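Number of protein chains: 2
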Amino acid sequence: MKIVIDAMGGDNAPREIVKGALEALEKNNAFSIVFTGDEKAIRGELSEYSFDSSRVEVRHASEIITNDEAPATAVRAKRDSSLVVGLKVLKEDEEAGAFISAGSTGAVLTGGIMYIGRIPGIQRPALCPAIPNVRGAVTLLCDAGANADCKPAYLSQFAIMATAYGKAAYKMDNPRVGLLSNGTEDHKGDMMHQEAFALLKETDGINFVGNVEGRDIMFGDCDIVVADGFSGNIALKSAEGCGKTVAAILKEAFSKAKMHYLIARKQIGQVKNILDYSRLGGSIFLGLKKAVVKSHGSSRADAIAATVLQAVDVVKGRTVERIAEMLPDSVGE
Amino acid sequence: MKIVIDAMGGDNAPREIVKGALEALEKNNAFSIVFTGDEKAIRGELSEYSFDSSRVEVRHASEIITNDEAPATAVRAKRDSSLVVGLKVLKEDEEAGAFISAGSTGAVLTGGIMYIGRIPGIQRPALCPAIPNVRGAVTLLCDAGANADCKPAYLSQFAIMATAYGKAAYKMDNPRVGLLSNGTEDHKGDMMHQEAFALLKETDGINFVGNVEGRDIMFGDCDIVVADGFSGNIALKSAEGCGKTVAAILKEAFSKAKMHYLIARKQIGQVKNILDYSRLGGSIFLGLKKAVVKSHGSSRADAIAATVLQAVDVVKGRTVERIAEMLPDSVGE
Chain R
24 MKIVIDAMGG DNAPREIVKG ALEALEKNNA FSIVFTGDEK AIRGELSEYS
74 FDSSRVEVRH ASEIITNDEA PATAVRAKRD SSLVVGLKVL KEDEEAGAFI
124 SAGSTGAVLT GGIMYIGRIP GIQRPALCPA IPNVRGAVTL LCDAGANADC
174 KPAYLSQFAI MATAYGKAAY KMDNPRVGLL SNGTEDHKGD MMHQEAFALL
224 KETDGINFVG NVEGRDIMFG DCDIVVADGF SGNIALKSAE GCGKTVAAIL
274 KEAFSKAKMH YLIARKQIGQ VKNILDYSRL GGSIFLGLKK AVVKSHGSSR
324 ADAIAATVLQ AVDVVKGRTV ERIAEMLPDS VGE
Chain E
24 MKIVIDAMGG DNAPREIVKG ALEALEKNNA FSIVFTGDEK AIRGELSEYS
74 FDSSRVEVRH ASEIITNDEA PATAVRAKRD SSLVVGLKVL KEDEEAGAFI
124 SAGSTGAVLT GGIMYIGRIP GIQRPALCPA IPNVRGAVTL LCDAGANADC
174 KPAYLSQFAI MATAYGKAAY KMDNPRVGLL SNGTEDHKGD MMHQEAFALL
224 KETDGINFVG NVEGRDIMFG DCDIVVADGF SGNIALKSAE GCGKTVAAIL
274 KEAFSKAKMH YLIARKQIGQ VKNILDYSRL GGSIFLGLKK AVVKSHGSSR
324 ADAIAATVLQ AVDVVKGRTV ERIAEMLPDS VGE
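Chains R and E, in that order, are what the protein sequence lines are. To convert, count from 1 in the first sequence and add 23; that's my numbering. To convert, count from 1 in the second sequence and add 23; that's my numbering.
In isolation and in its complexed conformation, chain R is listed as follows:
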């Protein structure tokens, strides 16, 4: 199995990308790596480490897509970018199972649809991050922002895709699926979500437990939260804002009490750990013919290593095949 990695995407590329990928290589010998990007820069980074060179390839790409560019235009225009070259390798190399980038989210989503394509029957691929929860496990949030305008049928497919992903990559057994709404009662939600609720109750192969609230993503007891991409993104970012605020206040408070920090650092570390969820890996873009994973733009080596190992699990767990198998027969026709 090959994992293709955009070596030029994100704030800390290529240094932390290469370092993290090699860390993952050492931890798991089930795969090899294809880096895409500026060959000279990548080889320069690689020369700093010792590793099994038979498990590392480099494909040169002369361009980089930045966060400032309009995704659709950039993906079309920059055909020799590390992102597009990587997606092409994923598509064309039969051994390639997943592609990872810490670059522009919009470009990863647009490029994924354009070059990899949707699983037959899937109407809208969706972004699905794993968020740490109070139980010490993760909650999958699908869609976290790929589709601002949604129809009930999309949400039914998000539930199917996230269920397959949870079983394949997180060993979830019959994961509980909640619908993100403005209250837990059955009648809650705007009209679209009320229709989605009715449809989710009838969707085969998922364990639908009803409406859930924003607080249930981290503090509740479902495994998967299905959302339209607009409010799913708002939920994710709102929790992130609270987390950043807590982290800032902790930092400020202890800056004047360094000794107290040293004494309590283990306990504070536990809080920081849950707030820094990049350590859990990236957000998979579910619904494509092969796995595409977006790593956080600010990812350092440990986050990249986690994302690479997560991608290996995604491929080994047959996530894409499971999604295709779960779709009703009528859908693919």
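No lab work stands behind these hints: they were computed from the structure. Predicted, not measured: the structure shown is a model, and the values here were computed from it. Any given hint could be a false lead.
Where chains are identical, the list cannot tell them apart; a pair therefore holds if satisfied intra-copy or between any two copies.
As the list claims (entries may be wrong) - Cut-off 20 Å, straight-line C-alpha distance, at most; resulting in silico cross-link-like pairs (EDC-like, lysine to aspartate or glutamate): (1) 267 x 244; (2) 339 x 117; (3) 114 x 103; (4) 190 x 227; (5) 274 x 299; (6) 267 x 299; (7) 194 x 275.
Could you slot chain E onto chain R? The hints should help.
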């Protein structure tokens, strides 16, 4: 000025409600109190404190509306409930400026519209909590859940109402208004929010700064976040879920390290303070002819006292009058 208080609403009624209201009475002598509810129970609580009895009235009400009841039915059927009696006092007594309840949110919203009525021209009243932010100030979130299905025109009015409220009760000077969306770029949002964006740009009397993300509610630098009630509620609850998770992890971590807790408790207290935003008062229901404020169901005396003082500021700051003044002339016709 009279502040009318539902003495029977919330988890800790009537004890903490009465205690908190009397605390507020001692801190500010600009107002008097009308308690509604079981007279015997209220007088029993009052007998435990010494206070200026000329500033406290009790109106007997024989019924209580609970959280388990369907709001619209309960508000219609229980005409002698502490909630309905309180709203009637607010409506009929010219000196009464605000009503506070820690009871069922749905019943407070339904009862407010039914008994107090909307300001002429306001299409949909909206719930507007004040959320602590990283700057040590508050961000007003409007609507946080009263209206699941919204139109762009409603959001324009939410911005007007929250601006008036921010100026009146929080001394905000030309408050910056953001539209809650799935990204900060101008083109972000589903179709409804794209239309709302265009309308907000044209709305007179507000200082619109563009789209904001969920993280900006606590971590950003706008003063007011305008949202449809569906995603506004999700944003609020998602931040709350993160906060509850952090609090649970802190508690768990320090339960095994009590001495460390004692040493670092001042710093941990600063985090707890920001997460427990009931200390900031309640959520005002904006757009009614008189002020109706919902206090958190689990409010204790300190939260009730804060809500009462907040209600006094709302009335003194002429919030309702300011909203009416800000509406375009054409709207009220």
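Okay, the hints, checked on the actual structure:
1. 267 x 244: Between copies only: 14 Å across, 23 Å inside.
2. 339 x 117: Within one copy only: 14 Å inside a chain, 72 Å across chains, cut-off 20 Å.
3. 114 x 103: within (15 Å within a copy, 70 Å between copies)
4. 190 x 227: Classified as within: same-chain Cα gap 15 Å, cross-chain 52 Å, threshold 20 Å.
5. 274 x 299: both (14 Å within a copy, 19 Å between copies)
6. 267 x 299: both (9 Å within a copy, 16 Å between copies)
7. 194 x 275: neither (39 Å within a copy, 26 Å between copies)
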